[in-house]
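2 protein chains.
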Amino acid sequence: MSKYFSYRWVIIIALLLAPSAGIAQANNYSGYIDPFIGSEGQGNVFVGPSCPYGMIKPGPDVNRASNSGYSPDLDIPLYGFSQVHVSGTGGGPKYGNIGLMPFAGNYDQIKQESLRADEQASAGYYSVLLKQYHIKTEITCTHKVAFYKFGYQPGSRKALKIDAGDFLGEKPVPDYREAQQFVGSEVEVISNTEIRGYTRIRGGWNNGSAYTVYFCAITDKPFKSFSSYKDGKLYPNVKVQIDNGTKTGVLLYFDDATEQQIQVKVGISFISTLKARQNIDEEVPHWSFEKVLNQCRDSWESLLKRVEITEQTPAAQKKMFYTALYHTMLMPVNRTGENPGWQSALPYYDDFYAIWDTFRSSGPLITLVDPQRETDIVNSLLNIYQRDGYMPDARSGNSNGRTQGGSNAEVMIADAYVKKLKGINYSLALEAMVKDATIPPGGNEEKEGRGGLTDYNSLGYVSNRFVRAGNRTVEYAYNDYCLAVVAKGLNRNGEYRRFMKQADNWQNLWRPVTDHGATGFIMPKDPAGHWVDSITCVESNGRVTAIPYTPLAQDWPTCVCWWCGFFYEASSWEYSFYVPHDVATLIKSCGGTQAFKTRLDTFFNNGYYNVGNEPSFLTPDYYHWIGKPGLSSERISQIIKTNYNETRSGLPGNDDSGAMSSWLAFHMMGLYPNAGQSYYLINTPLLVQTVLHQAGGKDFKITAKNHSEVNKYIQAAWLNGKTFDQSWIEHQELLNGGELVLQMGPVETGWGSRVLPPSKPANY
Amino acid sequence: MSKYFSYRWVIIIALLLAPSAGIAQANNYSGYIDPFIGSEGQGNVFVGPSCPYGMIKPGPDVNRASNSGYSPDLDIPLYGFSQVHVSGTGGGPKYGNIGLMPFAGNYDQIKQESLRADEQASAGYYSVLLKQYHIKTEITCTHKVAFYKFGYQPGSRKALKIDAGDFLGEKPVPDYREAQQFVGSEVEVISNTEIRGYTRIRGGWNNGSAYTVYFCAITDKPFKSFSSYKDGKLYPNVKVQIDNGTKTGVLLYFDDATEQQIQVKVGISFISTLKARQNIDEEVPHWSFEKVLNQCRDSWESLLKRVEITEQTPAAQKKMFYTALYHTMLMPVNRTGENPGWQSALPYYDDFYAIWDTFRSSGPLITLVDPQRETDIVNSLLNIYQRDGYMPDARSGNSNGRTQGGSNAEVMIADAYVKKLKGINYSLALEAMVKDATIPPGGNEEKEGRGGLTDYNSLGYVSNRFVRAGNRTVEYAYNDYCLAVVAKGLNRNGEYRRFMKQADNWQNLWRPVTDHGATGFIMPKDPAGHWVDSITCVESNGRVTAIPYTPLAQDWPTCVCWWCGFFYEASSWEYSFYVPHDVATLIKSCGGTQAFKTRLDTFFNNGYYNVGNEPSFLTPDYYHWIGKPGLSSERISQIIKTNYNETRSGLPGNDDSGAMSSWLAFHMMGLYPNAGQSYYLINTPLLVQTVLHQAGGKDFKITAKNHSEVNKYIQAAWLNGKTFDQSWIEHQELLNGGELVLQMGPVETGWGSRVLPPSKPANY
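Protein chains in written order, with our numbering: chain W, 1 to 764; chain U, 765 to 1528.
Same shape as in the complex, but just chain W (with noise of 0.2 Å):
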């Protein structure tokens, strides 16, 4: 064939593609996110626009309690728009720095709020009436800068306050467990189109050290007169606050008679008000709100884009999986560029928030949809090892804390590593987990590593003496299976045996006792070795009992303080289910398959299950280590119907940075990983059909085939053509490309009873 015919081909080619890119731009997988799904209840979801990973997380500010700034209750007065905000958290508030709140009356008051309505959001955009004055107000970003329209009324006199001293979750004494505390703030006026200043705080959930938050504000039209403020006193044509220790803004007045909107370019930095002025001019040179809102919406649409699911599928199932998406790709936040605390060639990334609550599906589904990020972001664990001493557990605002249970930091390392993720330095991934593994916090325990450490390293369990004893065991010994995984990657024998056998651990509390119906539970042992029965409670009126501790005993927060109890956020029901690395000996230690099927069925059926916390993300799944996947896709599917939905109230628990999302997520396409192991396991999907773009070039299909409310079970199933009779994948199937075809059915044929998910192996 000659060169000419050769290129002709290619065009060709091109040109038969380029429809179905065509058709996926028209799908707009973007337009299916809803930011207010999981903004009631407990969702605490942030609702303002961000792009992916996002620095800057603009948005309303309702409530100084809540986590997101957002309440749901109209009757709650709005009172400003802030530049910095997490998705999904529980606990202490963090954030909520540099507040903008127009008005247009009580012009010389500092104090503005405003009841809201017709509020709106989407990928990118958010907007609102403010009542008071009926001011529109519209808000869209890039990483690092925020985007302002405000449309006032006709007639009113424009005004905007930018506020250096507010922030969510303050509490009036000082050091007030998991509340912000003040440290200073500073305003300047620049010029009359220009505000410079920072907040610095401390403290939050995460009891972390102060951060500051710098900003540059620019609005598109000169303000007239301006007051700035300082601790609640106005100073009419004062350029500068200093930082005093109290708290200042500024109040801007623009002219009445020039046109009705005011646009306002908001760049913040971690490092200084000029590299803030310098964000701004670097990613917005220019006045076009469209722009912005666009270029946001591409970043989304290119991450979304990535998982194909038919057109057919219903609206709220892609509103669901799409925005579960973009839940899962809210945080952490790549503040690559932006550290203050030292300089690194690897990335940097922050709010992990907490790795506890994301390691399990977040970091999975990252891996999946977008590798080079999650790579980015173990990356970044590497780096604030390097120079902080620990890889966190969770991290907010430059500081390591607060650790819930193990040092999770482990699963993300591990499931990167078998899911071969290229560019991360495994041997410094390896001594970052030994460090976790044999280094002992201290202080307090809360701030990273694994507290407790001493009596698991000597004793084999952490015991009573400590707190949160239960989980740390448990999540120890799961942590370090993942360190053994890596280990012998890089064939470092000693570890991979000394950690593969510690992996047992969970063992040493595990105590044959009976209840309702199951036997052997994880419980809680003194240092001595003796099983503990009782537990000292001290009730409300001061009176000091002890209570029989039982698995379904939960002794936070009434007895003891919340994170005090034997068991972090959940019961020994829960947490006795979790040994993902060894379910097989765990079916064993419950008593066998039909023992463990019972205690399954006792679990979900007698609501000991708590479907709003990461504990038991993989529970739901377990029928498949006794042969009956098609029972865990039965749960799964209950589980979904019961508490997921496409409203605001759609999500069941904090969303934990997209934890909660993720999970759904996954189980929406019929996968769901076991992080830090190298497969998925197979589910019945919600979705008919799913096509995942992988990075590598290589699609993926997963197709459920007469898939309907009847058909809710897999009878058998095809990889590339060929039968496929395990109820399980391995990331690496999925890498080469193809398709998974599941059967569906109206009744269990025996699929996936045969060849069971991989457990630890006995020899190593």
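In short, the hints are calculated from the structure, not lab data. Every residue, glycine too, gets a C-beta built ideally from N, C-alpha and C. Among these hints, one or two may not hold up.
Said to hold, decoys possible - A few chain U residues facing chain W, derived, Cβ under 8 Å:
#1 Glu-950
#2 Glu-952
#3 Ser-973
#4 Ile-1006
#5 Gly-1009
#6 Ile-1035
#7 Ser-1036
#8 Gly-1105
#9 Gln-1107
#10 Gln-1150
#11 Gly-1206
#12 Gly-1207
As the list claims (entries may be wrong) - Mimicking SDA-like on lysine to any residue, the simulated pairs with C-alpha atoms at most 25 Å apart in a straight line are:
#13 W/Lys-435 x U/Glu-942
#14 U/Lys-1352 x U/Met-1264
#15 W/Lys-171 x U/Gln-1150
#16 U/Lys-1011 x W/Pro-347
#17 W/Lys-319 x W/Leu-692
#18 U/Lys-1199 x W/Asn-444
#19 W/Lys-247 x U/Gln-1150
#20 U/Lys-988 x W/Ile-190
#21 U/Lys-1011 x U/Ser-955
#22 U/Lys-1199 x W/Asn-464
#23 U/Lys-1199 x W/Cys-561
#24 W/Lys-705 x W/Met-744
#25 W/Lys-698 x W/Glu-311
#26 U/Lys-1199 x W/Asn-457
#27 W/Lys-171 x U/Gly-1153
#28 U/Lys-875 x U/Ser-830
#29 W/Lys-136 x W/Asp-75
Chain U: place on chain W using the hints.
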């Protein structure tokens, strides 16, 4: 008597008193300050101007590897004058931030340096002739503002570099131990007389996290042109160099025709550049160099005149004594109102560098001369405890770290408590002490708290599985004693008994080995309780051998790293004397009075005593406890004669924030504190008479009668006219006011042999 008469008497009394004040002023105590004492040899003192506990310490930088920036070697060129320094420290340097360098040639060259001549320094003043372009530089300062006067040659073009990127102790390897590391910097030309910016640095000796020094520089004459620079490249007329993680600065060019002198005020802040500017406006709202200089000198004068020595004292001794007081009051640094980490009503001091050095004599000297200051310093320890979780054992750049031995803040608190310093929340202090004693700090255990605490609290000693096990054990034992003293005072009897018992823990490492005639030494022990006879030695050629561990053995830094030996910076011969709370039992353990005397003699005669480091600070006074205070005085006199003088090499070791100097000052007065305890040991003074003008208004006079080279023994003493036969005096006696008269003579006559100084009670 009529009213009229009483008023007349008041006036007459005032007139009578006036001349004595006049004489004090004429005495010009600050004139005796010679900042160069200790600038050659090991002293490492800062030679530039500083106010007492001054935040800004502007001074010459000659050697980037030097702790003070200074080098006496005139063959090494000076490269700038930076604004932040510490004095007397060892290990990797800290600070050296925001450099100024005048120049008058090579105008487009960022690197500027010059050989120097005519260095002058006095209280609050430093000057030098830069020979390269014959520029005379003079410097003085207030608490937060440096004032420079640059005198150029006629006809030359006058230029000035302001460098926001340079600092001391840089190494090419990231995270190199004890090296400072660059994080970022920024400069902004605000007007033709004003530059602002900052430098952000981490690391250094204490491995601290990033600190930021903000600055504002104002010139008294406008510069005609300028070039900013970044990463080694010049940007003529570019006003702003925004932080992108590279080094920035600015070169200013002044009019050639105008007068030859340029004055520059440089304000610094740890809060913001605007705060740095405000510090200038508040502290130096004028252009009078003399006014600033006089103000600084007055602040020294008001402190030094509190200790009055006779006019007849030889000039060399006056210089030595008042310079010793001066050195003691350079650090820690008062940063109240300049803490970027949190707010507190308590004072904030930084640069405890290190308490391990200063608790022994610097703290007690400040308590004696400037008790309100010591109250503030102790309160700042509690302030840090409340927000950072632990009191520092060392702290610099707003970060705790590093701990060399014990948690010696305990000694400072006990010292304040037994000397009845008011205005300290001792309950909070006890809480902070108990935390040190019970909660392991974790991580590398170099940051704060007590490393190896798990051993200490379970075994009663730190075993050889931890580094620095020897000095940790003996220091913790004394720290525990100090804790017990405060606990007792607060009626916390449980803690009192527990920690009094633990104060005996030094005995758990007391091994009855004999070395050079002395029996009983602190020696290494393993966790099982077996003595360790040999230690691993990794020689520089890589060969690993075992060397016998003897009381003179020094495993660091030849065999193991500097911080990795059994003892920190001293031998067992030195540390085995470290039982400052129970010398009586120590004497028994050594075989009784005679054996102890022989041991002390061997220690000093054989050169096992190290005059240049803190572990043996108290040992020369130990003859007191065997009833031979005259022998203590002999040793002390010999030590001072041989090692201290009024020259530039007049300090025998790192001055360590004034530790070495305060040891000298106390012994010159004839007193020496046993820090943490309420008394001073009495020795033959070098000074014939000292009058302490105390804060409470009462004077205490120490007079050595018949004092001469020959009459070097105290033969009798009188306190307020009553016979005083003990060789130690309570702090309360000093507070009460009065006079201690020491009758000197040529032989010991048994004074001080009957009532021995206190030791820990056997029953408690």
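Item to check | Hints the structure fails to honour | outcome: Hints that this structure does not satisfy do not exist here, as all of them hold.
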